[in-house]
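Student: Listed in order, the protein sequences are those of chains A and B. All the letters of the first sequence, read from the start, carry residue numbers 1 to 324 under the working numbering. All the letters of the second sequence, read from the start, carry residue numbers 1 to 268 under the working numbering.
I should point out that these hints are in silico values taken from the structure, not numbers from a laboratory. From a predicted model like this one, the values you see are computed outputs, not experimental measurements. In this text, a Cβ means the ideal position worked out from N, Cα and C, and glycines have one as well.
Derived list of chain A stretches under chain B, where covered just means 3 residues or more per stretch with a C-beta under 8 Å from a C-beta of chain B: (1) 67-77; (2) 81-90; (3) 94-104.
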Amino acid sequence: MSFLSLEGLSKRFGTHTAVDGLTLAVEKGEFVSLLGPSGCGKTTTLQMIAGFVEPSGGAIRLEGRDLLAMKPAKRGLGIVFQSYALFPHMTVAENVAFGLEMQGVAAVERSKRVGETLELVGLGAFTGRFPRQLSGGQQQRVALARALVIRPQILLLDEPLSNLDAKLREEMQIELRQIQRTVGTTTILVTHDQAEAMALSDRVVVMNHGRAEQIGPPHEAYERPATPFVANFLGRTNLVNGTTVRPEKIWFATSGLAGKVRTRIFQGNHWLYQVETAGGLVTVIRQNTGEAMPGEGESVHLAWDGVPPHATRGEVSAKRTEGS
Amino acid sequence: MSKNGPIALVYHTLFVTFMLAPILVVCFVAFTPEGYLSFPTDRWSLRWFYAIGRYPEFISAFWRSLWLGALSSAIAVAFSVPAALAIGRHRFRGRDAMTALFMSPLMIPHVVLGIAFLRFFTELGLGGTFVGLVLAHIVIVLPFALRLTLASAVGLDRSIEHAAISLGASDGTVLRRITLPLVLPGLVSGWALAFINSFDEVTMTVFIAAPGTETLPVRMFLYIQDNIDPLVTSVSAVVIAVTVAALIVLDRAYGLERLLVGRSVDGR
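Input sequences plus hints: build the corresponding full structure.
Tutor: Set out below in structure tokens:
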């Protein structure tokens with residue numbers, strides 16, 4: 001039996017179905033991401049697990065117990081909110097101690113665990129500060145420490161990194177993954193950022209219109225997308241003769257699909273090409289190895305695995321999707 | 001911030017002069033020795049300040065006004081908190097009607113309220129009592145208390161309370177440890193604004209106050225009906241001095257901008 005299971009979980013707001021019969025089994029210690037565009041039902045799902053939204057149907061079980069029968073305050077879940085939701089009138093230490101205080105942990109034990117957890121997130125020196133005196137990244141760590149200190153059965157992360165700038169976000173991703181591995185807490189992350197979901201998760205749940213389109217390890221979902229939606233949501237794709245080809249899997253060859261380079265963009269570690277072919281635009285990504293690359297306006301031939309280059313003469317359509 | 005041009009400066013100077021001139025004139029007149037209102041003058045005297053001592057009803061009316069304002073504002077704020085939390089954060093049937101009801105004292109002329117309360121309190125046997133004054137003042141200051149309390153309740157991030165709940169806090173604990181401290185600046189501002197309105201009120205109070213329960217503005221109003229001497233100007237000067245002193249203390253202790261604008265603790 002799995003650790004956490006969602007069984008046919010649904011939520012309707014009036015006539016709108018936000019979550020439509022979602023079934024998911026999460027193992028102990030696993031890191032699972034709910035990934036999808038805004039309005040796909042991922043946040044509603046998280047709120048139902050947390051207990052802030054009442055499901056219209058289905059069940060949520062934690063180690064076999066009915067979680068829906070428990071009040072939100074009794075579920076013992078750690079939550080990191082998108083806005084961090086720190087208590088602005090309390091210091092960092094008071095924020096982190098709050099959950100322990102609610103559990104009735106004695107003062108000595110409390111300050112010991114608060115200290116340990118703040119060390120874990122690298123904020124040992126900030127105990128006396130107020131949230132407004134901290135940067136966004138630091139506030140984020142306090143929120144994480146506050147959720148982890150109560151040793152939650154499950155850690156719920158609601159778009160925790162979306163308010164950080166790109167570089168900091170990347171650093172926090174690495175750190176978040178390390179911390180999660182260290183403490184081993186079962187974690188559910190809600191995000192619209194496919195790169196973030198792929199970087200952090202053991203498995204991703206790609207959601208659309210309240211349903212799970214695909215559940216699987218990030219690499220599998222990327223390489224073998226179950227639906228066109230998944231293919232488009234997880235990075236760039238070209239749809240050629242009904243098969244999807246990732247732009248980085250196409251190379252320039254001496255024969256193959258003929259085309260002409262329309263644009264070439266240098267992005268440091270790789271080149272991004274838009275190639276005009278008989279059927280339409282094809283996006284090509286080539287790693288920057290230092291070799292000379294075709295320039296704009298040059299005639300090229302495109303080849304990729306699985307399809308003999310000479311056989312590709314049909315309709316080509318290029319799609320580009322980034323998780324915004 | 002952009003600098004003011006010459007026209008703007010002239011405008012602001014005129015505006016501030018227009019606002020402050022009556023107050024300054026009252027203060028000047030308070031220091032004149034004549035038995036009537038004379039301004040300008042070249043002689044100065046503290047005569048009319050000593051005179052206040054001979055009218056103990058002014059002093060008792062001042063304390064009564066203070067207590068009336070403090071009490072009615074406190075009760076109005078106490079009513080405002082649950083009302084603001086309900087109106088500000090929930091959608092329910094009758095919500096708009098409830099808001100309109102609480103705000104309605106703003107629309108009704110105070111003279112009408114005064115006559116209505118006079119009749120009503122006489123029927124109830126509360127005519128001319130301090131309790132009657134408190135009840136009537138609660139009604140007129142409630143919109144001011146509610147406005148600022150509501151502003152801070154609406155601005156409150158629900159996920160902060162959700163965070164507290166997820167950490168195991170009961171509803172009562174969330175209210176006491178999280179919600180109330182976060183709306184406190186709004187409550188303090190609401191109380192202050194309500195107090196000012198209560199202290200100031202004369203149109204309604206003049207109908208329902210009786211000898212022995214007159215507030216300071218009512219006492220002054222009744223006095224100038226029968227007298228032409230500058231006693232009321234010296235009383236006014238004292239009230240102005242007390243107000244200025246209170247504002248300075250509040251500004252040092254709390255920040256006036258925060259008090260009157262009702263900004264929350266974390267500056268949002």
